[in-house]
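Build the full structure now, drawing on both the sequences and the hints.
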Amino acid sequence: MSKRIDVKDLNVYYGDFLAVEDVTINIEAKSVTAFIGPSGCGKSTFLRTLNRMHEVLPGARVEGEVLLDGDNLYGHGVDPVTVRSQIGMVFQRPNPFPTMSIRDNVLAGVKLNNKKISKGEADVLVERSLKGANLWNEVKDRLEKPGSGLSGGQQQRLCIARAIAVEPQVILMDEPCSALDPISTLAIEDLINELKDQYTVVIVTHNMQQAARVSDRTAFFNIAGTGKPGKLIEVGDTHTIFSNPVQKATEDYVSGRFG
Amino acid sequence: MTATTLTSTQGAGRAGDKIFSGAALAAGCLILAVLFGVALFLVVQAIPALTAPADEIQGGKGFFAYIWPIVIGTLIAAVIALVIATPVAIGVALFISHFAPRGLASGLGYVVDLLAAIPSVVYGAWGAAFLAKEISPAYNWLAANMGWLPIFQGPASATGKTILTAGIVLAVMVLPIITSLSREIFLQTPKLHEEAALALGATRWEMIKMSVLPFARPGIISAVMLGLGRALGETMAVALVLSSGALTASLIQSGNQTIAAEIALNFPEASGLKVSTLIAAGLVLFIITLAVNMIARWIITRHKEFSGAN
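Chains as they are written, first to last, in our numbering: chain C, 440 to 698; chain R, 2 to 311.
Calculated from the structure, these hints are not laboratory results.
Being a predicted model, the structure only gives us computed values, none of them experimental.
There could be a bad hint or two in this list.
To be verified - In silico negatives: residues of chain C with every beta carbon more than 10 Å from chain R:
1. Ser470
2. Asn573
3. Asp636
4. Ala663
5. Asn683
6. Ser694
Said to hold, decoys possible - Coverage of chain C stretches by chain R, computed from C-beta distances (three or more under 8 Å per stretch; other residues unrestricted):
7. 532-539
8. 593-605
We put the CB at the ideal spot given by N, CA and C, even for glycine.
This is the structure:
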């Protein structure tokens, strides 16, 4: 249940402003792809076009194609709601629903679109999803307590459990560890390693060591200057990008000479 | 040397702090003093009516027999107003905050706020001169078709000046309060929670159910309670619209009365014990409003654990 993503000539706009220019990239199924690059280079913006979350902002739009196993996400008559139920997302800051219990948070996506689910099935799904997010042992005795009472790292894993409960094809992660301490970060990174056995994972990160630790392939984005569009500079095996990149800019960035 | 600078209390910032905290304390105390003063006045002035022999009170059966029909009338009018206004207000507020295109949203918000600026006597005149006449055919229909319900029992009032008309006018009056406050709360929903719902594949309405409404729940309750406060205390509109009378179950016959309108209509010609009786009625209204607000607070704090504030 994982699909590949092929992006062809994608331009991303906020109103008239071209934020990301002409990206063509192939994201392999059942692998972890990391997007790295300096702040403002458009990597998060680009990530949000992969499940049509970009267009939630007023005036935001794209040109080009994003193919999920050959189906264009931006094709005529494609419902963004369906796209998002197949391509899950984990955000920069943990965002469990504060008014819901831990259990209801996990089931939130499953109960959408008026789907009914029996209590027995729900119990199984909650346990499987929380185990999948390495959170089960910590919360199994307090499933009815609010999700907002957990620590930051636990909340983020709860968000991952919520995302995998709907069994998506792809999981997008937008700097999932940037608000977390090192121990929680490690827990999430371990989890990403396990997730790629079943899911296609795309992760945006500011942390190059993190990209090197968790990803199979790495894409480097850069920006020529303020007000200029972000561009995809280079994409390749993580090992190659970090040890022997083709582009000079990539080498400068990964060796810490700027950004 | 360092110790002296650390213990210095002469800085300008300290003085500013003291002035501000003093002013804030004084303002807080003033509110309490005014509230206490009003309560004291009501109690002292009401005592003659509460202790008078039953046959001297209007109606001749004591204060309680006098007050309870108009308490019920007040509550009926306020409940009608809220039942009509709350869903409409929440709908309008949601439309403005989450559905309408930006240009239309600000225009619509402005129009709704304008509704709040219309004086209540104008609403009263509109209700009495226009709405009552226009709505009486509907009352006749209700009496003919749903008359088996006690609240729609006929014969319907020919003038349309009933408690239901008064409730509808009150609904229009409390609509802007509930709408404006709800809209402000809806706009404050964290983007993070809205995106969490959307990213799971929620439609816009599901997103609103999952993130906006739970977040806004305490705010909606507060807004409704403010609206209720206005509906309970509204005087002029009810006095003009309602052709008052004895307590009746039917909402489409003339009859019923509210405390505020009762006081307004009788106060100018009252003297002696009658004044005390009316002030005692005011005291009862004060207590009802206080109770309503306390219940609202209790509802809001009951779910504190899940409020998102922790």
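Each hint, compared with the structure:
The Cβ of C/Ser470 sits about 21 Å from the closest Cβ of chain R, beyond the 10 Å cut-off, so the non-interface label holds. The claim that C/Asn573 lies off the interface holds: its Cβ sits roughly 20 Å from the closest Cβ of chain R, which is beyond the 10 Å cut-off. A cut-off of 10 Å between C-beta atoms confirms that C/Asp636 is not in contact with chain R; the least separation is 22 Å. The claim that C/Ala663 lies off the interface holds: its Cβ sits roughly 29 Å from the closest Cβ of chain R, which is beyond the 10 Å cut-off.
Distance to chain R confirms C/Asn683 as a non-interface residue, since its nearest Cβ pair spans about 36 Å, more than 10 Å. The beta carbon of C/Ser694 is kept farther than 10 Å from every beta carbon of chain R, the shortest such distance being approximately 35 Å. Counting residues of the stretch 532-539 of chain C whose beta carbon lies closer than 8 Å to any beta carbon of chain R gives 7, which reaches the threshold of three, so the coverage claim holds. Three residues within the 8 Å Cβ limit are the bar, and the stretch 593-605 of chain C against chain R gives 4, so the coverage statement holds.
When the structure is compared with the earlier hints, no violation turns up for any of them.
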